[in-house]
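Asks: Now for the letters of each chain:
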Amino acid sequence: MLAVFVLTALILATQSAQFRGLENATAILTRSAEIGMIACGVSLLMIAGEFDISVGSLMVLAIYVFTGLTNLNMSPITAMSLAILAGALAGLLNGLVTLLLNIPSFITTLGAMLFWRGIVIYVLAGSFMSYQGDPQCLAPFGSLLFSHCRASVVWLVVVASVLQLVLVRTSFGNWVFAAGGNVQAARNIGVPVHRVKLTCFALCGALAALAGVSYVARYKTMQVSVGQGFELEAIAAAVIGGTVLSGGRGSILGTVLGVLFVSMIRNGLIHLLDSSYLHYPVTGVLLIIAVIINRRISSLTN
Amino acid sequence: MSARETSPLLSLRNLRKRFGAVEAVSGVDLTVESGQVTALLGDNGAGKSTLVKIVAGVFRPNAGRMELSGQIVNWRSPRDSRAAGIEVVYQDLGLVSSMSIARNFFLGKELTLYGFLDVARMRTISRQGIAELGISLPDTDRAVGQLSGGQQKAVAIARSLHFGVRLMILDEPTAALSVGETRTVLNVIRELRERGIAVIFITHNMHHALDVADRFVVISAGKKVLDADRDDVDHAILERAVVHGTDGT
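Chains A and B are the protein sequences, given in the same order. Taking my numbering, the leading residue of the first sequence gets 120, the next gets one more, and so forth. Taking my numbering, the leading residue of the second sequence gets -11, the next gets one more, and so forth.
No wet-lab data here; the hints were simulated from the structure. It should be emphasised that the depicted structure is a prediction, and the values quoted were computed from it without experimental measurement. Glycine is no exception: its CB is placed at the ideal position from the N, C-alpha and C atoms. Don't take every hint at face value.
Unchecked claim - Here are the simulated distance ranges between beta carbons:
no. : chain 1 : residue 1 : chain 2 : residue 2 : range
1   : B       : Q59       : A       : L215      : 33 to 43 Å
2   : A       : V410      : B       : D220      : 52 to 62 Å
3   : A       : F265      : B       : P126      : 41 to 51 Å
Said to hold, decoys possible - Far from chain A, by Cβ distances over 12 Å, these chain B residues were calculated:
no. : residue
4   : G8
5   : N32
6   : N50
7   : S57
8   : T112
9   : E120
10  : A144
11  : G168
12  : R171
13  : R183
14  : H195
15  : V213
16  : L226
Start from the sequences, fold in the hints, and give me the full structure.
Replies: Written as structure tokens, this is what we have:
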């Protein structure tokens, strides 16, 4: 994966003068920050054997909660915390419905995706909303560190590092792999499978909300369509990075690499072809190639 | 002798478990003694696995009483039963094939150091534990899915042995094993008895049961139909009990 990533970067760099250079590289990083946070949560949940395709809607919900509360003169820090809490609770709700009522998480979160975005569209009557709080409070996410690299990139690095560490170096991480790898075995041996999965659902929602806060810091304004398609891009990035749809395998670092890869391809195509329209077909093909490679690898190890 | 020593290690009274309209276990009494191998026999669907899962805390019984060393117990999850020294090696082994040997070995009972997994110790101990069974594995970082059936069984059994087991339940441990691997497993069962551990040995193979067991319990349609010592049974009696659900006499 890393080799393919570096190779693609080199090819793009030799082909396009605009692609080379710090400005463009940092622009790719910044663009990857929000989708990266979302993809980390999605990937964690996929490893635990569940899906969340409502993340784009949870993001817009968090943006609405954050912007709305700040505009009502609430302190942005409190509003931020409440927005992230809202994301975590909505994620938890996905988990509770899925596990207690025994519904596939794909279906639960498809419903949640329609529900939460629908609610925000209804409340805002399909219109947009601007952040009117203290701009200074957005600095921890939105300030430019150097070139086009924003502070949100640091958040992604922190989130991804912590999650990776938790996943491979803690008991909880061990249980996540077990819950996704063989849920019956995990339960029989005494792993609290429900608790593990619920935690992952909540974390996934909280990270989608964090991405929403980061988005507000960047654009100061939201449309009700924000984050549409993010869920699919996040899943695609996770899969390209080696996370398996059926659960039990994957890595957060791979997922972040997948996100950067997808962002880089998109950016490179824009510079090479002067068009952003080819981005989706190319990502689609890459996704399928990644799954084929993953299959090969796992059939070798079994 | 004190009361504690006179009461059997495990005692089940009138245990019942219902799934919807089906009663999988309908009023089973059973006692299990330390240092004794109890063969649990029965046809497919007779209720053996359900009974075992109740003892292991996977299912909660609808009625009945379960005592461990004379104390009434009520498992809320397999975590409770494992803490009390009951280990089960399931037919599907309870292993996660995509995970490494060391991680499987300590699944649910991970070793930690300052909150983080102590991977080095998990590797060493799992390697030693498996080696004690006379089976050497090259690398405990290998995924369990890469091992042979016999090696996987060794991992599962070694894991149970490691966690201070008082009652070991083996669900079809000899199914799909080679002759040599089967002999190893039967020897492990004998060794467990030597160590004073109670063993419940679930099998379809009466030769294997007659080979190692001290006591024979046959379950049919959720009920106990035979409960006898080694001296009182033979192949024909056991077979009649399993097939016809009678006590074979």
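Asks: All hints, please: hold or fail.
Replies: Hint check:
Checked against the given bound of 33 to 43 Å, the beta carbons of B/Q59 and A/L215, roughly 35 Å apart, stay inside it. For A/V410 paired with B/D220, a C-beta distance near 60 Å keeps the hint of 52 to 62 Å intact. Against the hinted window of 41 to 51 Å, the Cβ-Cβ separation of A/F265 and B/P126 comes to about 48 Å, which satisfies the hint. Distance to chain A confirms B/G8 as a non-interface residue, since its nearest Cβ pair spans about 15 Å, more than 12 Å.
Every Cβ of chain A is farther than 12 Å from the Cβ of B/N32; the closest lies at roughly 18 Å, confirming the non-interface assignment. Its beta-carbon lying about 20 Å from the closest one in chain A, B/N50 satisfies the requirement of being farther than 12 Å from that chain. No beta-carbon of chain A is positioned within 12 Å of the beta-carbon of B/S57; the least distance is around 21 Å. Non-interface call for B/T112 relative to chain A: holds, since the shortest CB-CB distance, roughly 17 Å, exceeds 12 Å.
At the 12 Å boundary, the C-beta of B/E120 stays outside the reach of chain A, the nearest C-beta of that chain being 20 Å off. With 12 Å as the threshold on Cβ separation, the claim that B/A144 sits away from chain A is violated: the shortest Cβ distance comes to roughly 10 Å. For B/G168, the shortest C-beta to C-beta distance to chain A comes to about 24 Å, beyond the 12 Å cut-off, and the non-interface label holds. The beta carbon of B/R171 sits about 26 Å from the closest Cβ of chain A, which is more than 12 Å, so the claim that it is off the interface holds.
Every beta carbon of chain A lies more than 12 Å from that of B/R183, the smallest distance being close to 22 Å; the non-interface claim holds. With a minimum CB-CB distance of about 28 Å to chain A, B/H195 clears the 12 Å threshold, and the non-interface call stands. Non-interface call for B/V213 relative to chain A: holds, since the shortest CB-CB distance, roughly 27 Å, exceeds 12 Å. B/L226, annotated as away from the interface, keeps every beta carbon of chain A farther than 12 Å; the closest lies near 28 Å.
Going through the hint list in order, the structure does not satisfy hint 10, though it satisfies all others.
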